[in-house]
Amino acid sequence: MTVAFLAIVFFVLILIGAPIAVALGGAAVLSSIFFSPIPTGILGQKLLTNLEHFTLMAVPFFFLAAALMENGGLVRRLVDLATALMGHFKAGLGMATVLTCIFFAAISGSSPATVAAVGNILYPALLKEGYSKKFSIGAICTSGSIGILLPPSIPLILYGFVTETSIPKLFLAGVVPGVIYGLLLLFTARFLATREGVEVRQRAAVGEMGRAFRVSFPALLLPIVIIVGIYGFPGFELFGMQFEGGAIFTPTEAALVAIGLAVIVGMLIYRELKVRDVFNVVAATVPRVGMIFWVTANALMFGYFITKIGVPAKLAQLVLDAGLSPVQFLLCVNVLLVIVGFFLEGVPTILIFAPLLEPAARSLGIDPVHFAIIMVVNIELGLITPPVGMNLFVASSISGMSVLTVFRAALPWIAATLTALLLVTFVPQVSLYLPALMK
Numbered sequence: 001m002t003v004a005f006l007a008i009v010f011f012v013l014i015l016i017g018a019p020i021a022v023a024l025g026g027a028a029v030l031s032s033i034f035f036s037p038i039p040t041g042i043l044g045q046k047l048l049t050n051l052e053h054f055t056l057m058a059v060p061f062f063f064l065a066a067a068l069m070e071n072g073g074l075v076r077r078l079v080d081l082a083t084a085l086m087g088h089f090k091a092g093l094g095m096a097t098v099l100t101c102i103f104f105a106a107i108s109g110s111s112p113a114t115v116a117a118v119g120n121i122l123y124p125a126l127l128k129e130g131y132s133k134k135f136s137i138g139a140i141c142t143s144g145s146i147g148i149l150l151p152p153s154i155p156l157i158l159y160g161f162v163t164e165t166s167i168p169k170l171f172l173a174g175v176v177p178g179v180i181y182g183l184l185l186l187f188t189a190r191f192l193a194t195r196e197g198v199e200v201r202q203r204a205a206v207g208e209m210g211r212a213f214r215v216s217f218p219a220l221l222l223p224i225v226i227i228v229g230i231y232g233f234p235g236f237e238l239f240g241m242q243f244e245g246g247a248i249f250t251p252t253e254a255a256l257v258a259i260g261l262a263v264i265v266g267m268l269i270y271r272e273l274k275v276r277d278v279f280n281v282v283a284a285t286v287p288r289v290g291m292i293f294w295v296t297a298n299a300l301m302f303g304y305f306i307t308k309i310g311v312p313a314k315l316a317q318l319v320l321d322a323g324l325s326p327v328q329f330l331l332c333v334n335v336l337l338v339i340v341g342f343f344l345e346g347v348p349t350i351l352i353f354a355p356l357l358e359p360a361a362r363s364l365g366i367d368p369v370h371f372a373i374i375m376v377v378n379i380e381l382g383l384i385t386p387p388v389g390m391n392l393f394v395a396s397s398i399s400g401m402s403v404l405t406v407f408r409a410a411l412p413w414i415a416a417t418l419t420a421l422l423l424v425t426f427v428p429q430v431s432l433y434l435p436a437l438m439k
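Quick note: the sequence shown uses our numbering, first residue 1, plus one each step.
No lab work stands behind these hints: they were computed from the structure.
Every value quoted in this text rests on a predicted model; they were computed, and no experiment measured them.
You may find that some hints are simply not true.
Label-pair restraints from in silico Cβ distances [said to hold, decoys possible]:
hint	residue 1	residue 2	range
1	V3	L183	37 to 45 Å
2	T49	F213	42 to 50 Å
3	L48	P287	18 to 26 Å
Derived DMTMM-like pairs (lysine to aspartate or glutamate); straight-line CA-CA distance at most 20 Å [what the hints assert, rightly or not]:
hint	residue 1	residue 2
4	K169	E253
5	K46	E164
6	K169	D367
7	K308	E164
8	K90	E129
Each residue gets a CB set at the ideal place from its N, CA and C atoms; glycine is no exception.
Based on the sequences and whatever the hints tell you, model everything.
Written as structure tokens, this is what we have:
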């Protein structure tokens with residue numbers, strides 16, 4: 001009865017237009033008041049305890065780091081490098097768009113931030129080069145979704161937090177699928193550009209490529225420092241002294257390091273970031289972070305409530321009793337998450353469904369790291385499908401096109417996303433190969 005009441009209240013609140021955070025928190029609190037499975041005081045105490053967690057601090061810091069990079073001139077240098085490397089190919093600037101998104105995603109961990117940062121620079125450039133509006137906005141909207149697959153990924157941080165899965169392992173698990181997804185997008189850009197009739201650029205001279213790499217090196221250094229810092233380095237011996245390897249800092253500390261490096265590079269190397277700009281960036285980032293934590297707080301309370309009344313355990317038992325194979329279960333999960341992606345953003349999707357589905361997946365012998373990557377690729381699909389796809393709204397604001405028109409432009413590119421989803425679902429080693437190398 002409690003579960004039915006919880007579901008009814010949640011969906012009624014959604015249907016009357018309540019924000020997702022209010023629907024989550026309201027359903028849990030009202031169910032607690034009317035059925036008293038958990039005292040409301042305990043819910044509030046648990047909510048505060050969950051928010052006072054070191055791991056969650058990485059989320060606002062990575063958002064701030066991405067905003068500082070965008071304002072500090074790092075994105076433009078990455079665009080110049082990608083253009084120098086790919087500009088002479090058929091669909092060169094379109095492929096450079098994908099490559100720039102990959103570069104920036106490896107720093108920011110956010111898909112909407114990637115679309116905004118790269119799109120503001122490359123959308124006008126693509127139109128000037130002669131690409132159609134449809135090709136240009138489709139490339140930016142879809143390529144930006146790679147931001148949550150490559151480390152440091154905000155959804156993977158949240159998944160690791162709610163399921164107690166190793167975040168460094170989750171970050172590693174996203175690398176190979178992210179690279180494959182990027183290659184699929186590059187192929188899509190090349191294929192679609194055959195109809196664009198754009199002239200091929202002249203190959204950049206070796207000196208020009210070298211200059212682009214030299215200028216962009218400080219920007220490229222950021223993801224290298226983050227990755228090396230999180231995963232460390234192997235031990236070695238020098239001059240008869242043994243140096244132990246290992247991690248240098250945690251993912252949360254890596255986010256702080258990224259902020260520091262973004263400020264140093266933007267202020268002292270590229271000299272495009274001023275002190276007043278830093279304050280303006282912080283002021284612009286705070287409301288967005290507040291919104292995410294408002295959703296997170298209520299989703300954590302909702303997740304705690306359904307866990308205490310035994311919903312995940314009952315779901316896991318239901319899956320076992322139904323005799324579903326791991327493949328059948330994952331197919332059902334993919335269908336469910338595709339439908340959920342029409343209505344929920346990535347953060348609530350992770351916070352609601354990871355605690356619910358991960359125990360059932362584990363009961364079938366599915367690795368939680370593999371399951372995390374499947375969830376994230378489904379969220380990527382949700383980012384580019386209406387009615388709530390965040391990338392569509394960001395791309396719409398950049399281009400001035402309607403959300404539905406942006407979605408139509410992204411449709412040919414979505415084939416790459418679906419291919420990546422099928423690959424990570426049915427070939428677990430794509431996600432698990434690198435994490436298996438961790439000691």
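- Message: Run through the hints listed earlier and report the numbers of any the structure violates, in increasing order.
- Response: none
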